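Generate coordinates for the entire structure from the input sequences, incorporating the hints supplied.
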Amino acid sequence: MALLHLDGFDKFGGINAVGTNVVALLTAGEWTSVTSTSHQIVAPLSSTGFAVQLGTSATMTKTLPTTYSRLIGGIRFSSTLQANAGLSFLDAGTAQASITVNTTGTVSVRTGSITGTVLGTSSATVTANTTHYLEWDITFANAGLYQLWLDGVSILSGSGDTTGTANSYANQLQLAMAAVTGAIIYDDLYLFDTSGSTNNAVLTTSPRIETQFPTSDGAVQFAIGASLVGSSTSRSTGSYNAAANNLYVRPIIPTANCTVNAIGVLPAATNASVQLRPVLYADSSGVPGALLSAGSTVVGMTSGVMQNLPLTTPQALVAGTRYWLGAMNDLALSTGYTTQDTSAAGRSATATFASGAPGTAPATTAGQVTAVIFGVASGVATNAYEVSQNPPQGTYSYLYDATVGHEDLYNFPALTAAAPTIYAAAVKGSVAKSDAGAKTISLRTKSGATDSAGSASSLAPGTSYGWMTSLFATDPNTGAAWTVAALNAAQGGVKVET
Amino acid sequence: MTDIRDAGLVRETLLTTVPAATASAVAREVLLATPTGLLVSGLVREVLVPDTGTGTGAAQYAVSVIT
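Residue numbers (numbering that gives the first Met the number 0), protein chains in the order written: chain A, 0 to 497; chain B, 0 to 66.
A few of these clues could be false.
Partial list, computed: chain B residues near chain A (C-beta under 8 Å) [said to hold, decoys possible]:
no.	residue
1	37
2	39
3	44
Every beta carbon over 12 Å from chain B, so not counted as near; a handful from chain A, in silico [as the list claims (entries may be wrong)]:
no.	residue
4	13
5	22
6	37
7	64
8	116
9	144
10	158
11	168
12	182
13	203
14	268
15	364
16	383
17	447
It should be emphasised that the hints constitute simulated quantities derived from the structure, not laboratory data. Quantities reported herein were computed from a predicted structural model and do not represent experimental measurements. In this text, a Cβ means the ideal position worked out from N, Cα and C, and glycines have one as well.
This is the structure in structure tokens:
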């Protein structure tokens, strides 16, 4: 295998400043461990998706499939240059060698960690907060060879002690930021070794990774376990704090027809006696209008525990139409509902709880926090909808199947720009098993008539959702490099193996 | 008028214990078909391609300083 790993940092949800939540998303299968929680998901450094930002003392480490005496790779970065930051190659937790973008804008290769002894420093420099593509080819040895490229141009080569342990190999890749104020943003990571006939040398084309989500079903056999409209993920700190006898709503535009059975709310504090009532309003020229459905009173809420507020009459929603979902409360909530993002699209009004849900929404005040409030739904027509949420919604949106041989295949969008070369593709699934029994899956690509499991024919998920990967360095239908037409036409999915 | 409560009137009754089966709680446990097996919550395809110069990254290469 030559291609070891690639990550576009696009599947961890939208822009997210809640470090603990970002860390949870990163370490759900894709990255092995982190230090600190000063991680954020930020705007991309290339044309699609998102990027990850590491703040003071932050690291994120991925354990590789085995040990490697030589590693080749690349990553897009933008540094504030307030501190040395970069990446390290580890042997079971001990740094063998590192590459740092220094405060002066130069790039160094070091023995050991990002604070280790400098083996060589580029004369080329970067300026603060500019985007560049760094690539490396490094051998781990007491006199190990190394070479760096910046934006496709070789900037440094030499040899030195690229080991920190007695072993001449690495089995972990770590992105790291020094314990100093500052930040570095990463995007578009690839990692190769020297084996195989493709993807075994630096690319020097400043490559990018385009992450695609399923758009429609191909052939599906899995059953839908749960659906939601909106998102259960908090990506911004703070909370919506409600006065007594308050009505709060936030807009949601479904991307699929569905029926909402309940309103989900993520409380930011515990209040055992507050009375809550779900409400769902139609849109009227951009503000909440007629009441579509409401529910009976639910008493109490617990911080961080999703509160389910059932609707008395389930409500059908139409894709592309704006609705207002929310809740009424009787007691004041000095810390109420967890913030979803920074859009401040919520609206609120005074409404006496004991009087029930107003048949027509009263005049509401705009600019309220957008809270984590979503629709617990059913009746979604496609399986692709359930697995295309970003980030994955776990128990709120998933498919299930236990029949060996059953398979779901989905269609993907065309690449956003015609690529002269496709180096590799990976199909990744956020997968779990329902109990302790042995279960395995494969992640598939069907190109032409060839349905392939790629590099991993049997993946064993745990009982918590985690990303699993199968690599497709070439088109399984031809055994040759992917063409744009073939990739755009290829389906991807998941199959129950055992 | 005499209030009967003030007279301390009580009635004590000796009851027979009836031997019989008793139940302090009744539960019904139902075996339901629940989602089992493999659960899939997300699926993506990541594609590694050259930067064609349309990305924000490419746009900034022009200002990079390489000596």
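Hint by hint, here is what the structure shows:
1. Hint status for residue 37/B relative to chain A: holds, with the closest Cβ pair at about 5 Å, below 8 Å.
2. The beta carbon of residue 39/B comes within 5 Å of a beta carbon in chain A, closer than 8 Å, and the hint placing it at the interface holds.
3. The restraint placing residue 44/B at the interface with chain A holds, with a minimum CB-CB distance near 5 Å, inside the 8 Å limit.
4. Non-interface call for residue 13/A relative to chain B: holds, since the shortest CB-CB distance, roughly 14 Å, exceeds 12 Å.
5. Once the 12 Å rule is applied to beta carbons, residue 22/A is consistent with being away from chain B; the minimum gap is 18 Å.
6. Look at residue 37/A: its CB is around 23 Å from the nearest CB on chain B, clear of 12 Å, so calling it non-interface holds up.
7. A cut-off of 12 Å between C-beta atoms confirms that residue 64/A is not in contact with chain B; the least separation is 17 Å.
8. Consistency note on residue 116/A: stated as away from chain B, and its beta-carbon is indeed over 12 Å from all of that chain's, at 24 Å minimum.
9. Separation of residue 144/A from chain B is adequate, the least Cβ-Cβ distance of about 22 Å exceeding the 12 Å criterion.
10. Listed as a non-interface residue, residue 158/A keeps its Cβ farther than 12 Å from every Cβ of chain B; the least gap is roughly 23 Å.
11. Look at residue 168/A: its CB is around 24 Å from the nearest CB on chain B, clear of 12 Å, so calling it non-interface holds up.
12. With a cut of 12 Å on Cβ distances, residue 182/A stays outside the contact zone with chain B, its closest approach being about 17 Å.
13. Distance check for residue 203/A against chain B: the nearest CB is about 10 Å away, which does not clear 12 Å, and the non-interface claim fails.
14. Consistency note on residue 268/A: stated as away from chain B, and its beta-carbon is indeed over 12 Å from all of that chain's, at 28 Å minimum.
15. With a least beta-carbon separation of about 36 Å from chain B, residue 364/A lies farther than 12 Å from that chain, consistent with its non-interface assignment.
16. Chain B draws residue 383/A into its interface by the beta-carbon criterion, the shortest separation being 8 Å against a cut-off of 12 Å.
17. No beta-carbon of chain B is positioned within 12 Å of the beta-carbon of residue 447/A; the least distance is around 16 Å.
When each numbered hint is compared with the structure, violations occur for hints 13 and 16.
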